[in-house]
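Novice: Top to bottom, those sequences are chains A and B. Following full-length UniProt numbering, the numbering of the first sequence begins with 1 at its first residue and continues without gaps. Following full-length UniProt numbering, the numbering of the second sequence begins with 1 at its first residue and continues without gaps.
Quick caveat, the hints were computed from the structure, so don't treat them as lab data. Just so it is clear, the structure is predicted and the values come from calculations on it, not from any experiment. Incorrect hints may have been included.
One copy or any two copies: either way a pair holds, since identical chains are not told apart in the list.
[Said to hold, decoys possible] Once the Cα atoms are required to be at most 25 Å apart in a straight line, the calculated DSS-like pairs of lysine-lysine come out as:
no.: 1; residue 1: 123; residue 2: 97
no.: 2; residue 1: 188; residue 2: 158
no.: 3; residue 1: 191; residue 2: 123
no.: 4; residue 1: 36; residue 2: 2
no.: 5; residue 1: 188; residue 2: 2
The residues making up each chain are set out below.
Protein chains: 2
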Amino acid sequence: MKTLIIGASGQIGKMTTAKLLAQGHEVVALVRDKSKLSDLPQQGLTIIEQDLENDFSAAFDNCTQVIFAAGSGASTGADKTLLIDLWAAKRAVDFAKDHKLAHFIMVSSIGADAPDNIESSIKPYLVAKHMADEQLINSGLDYTIVRPGTLLNEPATKKYRIKRPESRQDAVISRENVAEALVYIAGKDSKTSQVFELFDGPEPITSFID
Amino acid sequence: MKTLIIGASGQIGKMTTAKLLAQGHEVVALVRDKSKLSDLPQQGLTIIEQDLENDFSAAFDNCTQVIFAAGSGASTGADKTLLIDLWAAKRAVDFAKDHKLAHFIMVSSIGADAPDNIESSIKPYLVAKHMADEQLINSGLDYTIVRPGTLLNEPATKKYRIKRPESRQDAVISRENVAEALVYIAGKDSKTSQVFELFDGPEPITSFID
Numbered sequence: 001m002k003t004l005i006i007g008a009s010g011q012i013g014k015m016t017t018a019k020l021l022a023q024g025h026e027v028v029a030l031v032r033d034k035s036k037l038s039d040l041p042q043q044g045l046t047i048i049e050q051d052l053e054n055d056f057s058a059a060f061d062n063c064t065q066v067i068f069a070a071g072s073g074a075s076t077g078a079d080k081t082l083l084i085d086l087w088a089a090k091r092a093v094d095f096a097k098d099h100k101l102a103h104f105i106m107v108s109s110i111g112a113d114a115p116d117n118i119e120s121s122i123k124p125y126l127v128a129k130h131m132a133d134e135q136l137i138n139s140g141l142d143y144t145i146v147r148p149g150t151l152l153n154e155p156a157t158k159k160y161r162i163k164r165p166e167s168r169q170d171a172v173i174s175r176e177n178v179a180e181a182l183v184y185i186a187g188k189d190s191k192t193s194q195v196f197e198l199f200d201g202p203e204p205i206t207s208f209i210d
Numbered sequence: 001m002k003t004l005i006i007g008a009s010g011q012i013g014k015m016t017t018a019k020l021l022a023q024g025h026e027v028v029a030l031v032r033d034k035s036k037l038s039d040l041p042q043q044g045l046t047i048i049e050q051d052l053e054n055d056f057s058a059a060f061d062n063c064t065q066v067i068f069a070a071g072s073g074a075s076t077g078a079d080k081t082l083l084i085d086l087w088a089a090k091r092a093v094d095f096a097k098d099h100k101l102a103h104f105i106m107v108s109s110i111g112a113d114a115p116d117n118i119e120s121s122i123k124p125y126l127v128a129k130h131m132a133d134e135q136l137i138n139s140g141l142d143y144t145i146v147r148p149g150t151l152l153n154e155p156a157t158k159k160y161r162i163k164r165p166e167s168r169q170d171a172v173i174s175r176e177n178v179a180e181a182l183v184y185i186a187g188k189d190s191k192t193s194q195v196f197e198l199f200d201g202p203e204p205i206t207s208f209i210d
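Use the sequences and the hints to build the structure in full.
Specialist: As structure tokens, this is what we get:
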């Protein structure tokens, strides 16, 4: 099993890469600047340097599954939201189909299910994430779409909830908890297609995914 | 037959509205600001004032077909490209399905078929148009997607070509020629689903659409 991580130098992507390597996985890390991964152990790691605005299909060769953890972020310009969060994700879905990958794990966002339910400056971002998720859902690929709440820089608790908390202040999750969940999903032998939001909470991930 | 025109105060939308009215069609014009249509004849015209970022589904009531001529334009911010060119178009497709409209006519853009083939500042716009067109193509609705070349403010010649000219300078079309083509398509009794680029040229529209 070889896992392609798109956006491996992002905060969640890099933590996920490191944790998969620590568990002995083979990882192909797709990044724009490989120097950002120089502090990772090299055992099991293949780094491919490519801009997601160019053709990155070769990164899929011989991979079993893919984690799309790239993101322009909600704070970049909306042109990059269109080119990365939507278009690069759409192309990743196409490449995954071409390469017959067994599973596509998408890092999405809370709110991507229904962009109209929010009136804020991040609505355009949620539109892009929604359309990318729909592209995956309709692709015929097996998939897991994880929609984390507001991201925090806390250490992992490895404890979660998937029911959206009533208070927006509680609808949070640490990036490392997201990474731990991705590692768990990537490491499972059998996967079924599912979409869920994810927050810090009281229960282990196995409560929701097994 | 009643035709909904989304974006009826835009240049192409307004010319299309005027020409349909002149031919005796019933038109529902969806605009954000109805004062922009005050110089149109009122016979046969229903104006609905609504922002495309809000719920505009009521505009579809009792309509037979829809022309989506709205556009944030290639020069607005990409956040509006996401919210109007992509998201409002996607919702229009959903509303058209809900209302079982007989035909959806989309004003798209040259290049929307393959955004990766262009490296320019309009690529994010073409991504949005591409995704909107795909949404329509996969909707199950009958559709016509018109992809005009670079738009000019010349009077209509009512003469066209659909084969993309070799020279980019020739890949142009007057807005009024686009409007004339839309009126022709809207006025036809039987319509089959098709996608084509459209340019000023030597032949009548019937050479390509009949």
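Novice: Each hint: holds or not?
Specialist: Do the hints match the structure? See the list:
Only between protomers do residue 123 and residue 97 lie at most 25 Å apart by alpha-carbon distance; the minimum there is 24 Å, versus 29 Å within a single protomer. In this assembly of identical chains, the alpha carbons of residue 188 and residue 158 lie at most 25 Å apart only when taken from the same copy (16 Å versus 61 Å across copies). In this homomeric assembly, residue 191 and residue 123 never come within 25 Å of each other (Cα to Cα): the closest approach is 31 Å inside a single copy and 36 Å across copies. Taking the shortest alpha-carbon separations for residue 36 and residue 2, only the intra-copy value of 21 Å comes in at or below 25 Å, while the best inter-copy value is 58 Å.
Taking the shortest alpha-carbon separations for residue 188 and residue 2, only the intra-copy value of 13 Å comes in at or below 25 Å, while the best inter-copy value is 55 Å.
Hint violations for this structure: number 3 only, all remaining hints satisfied.
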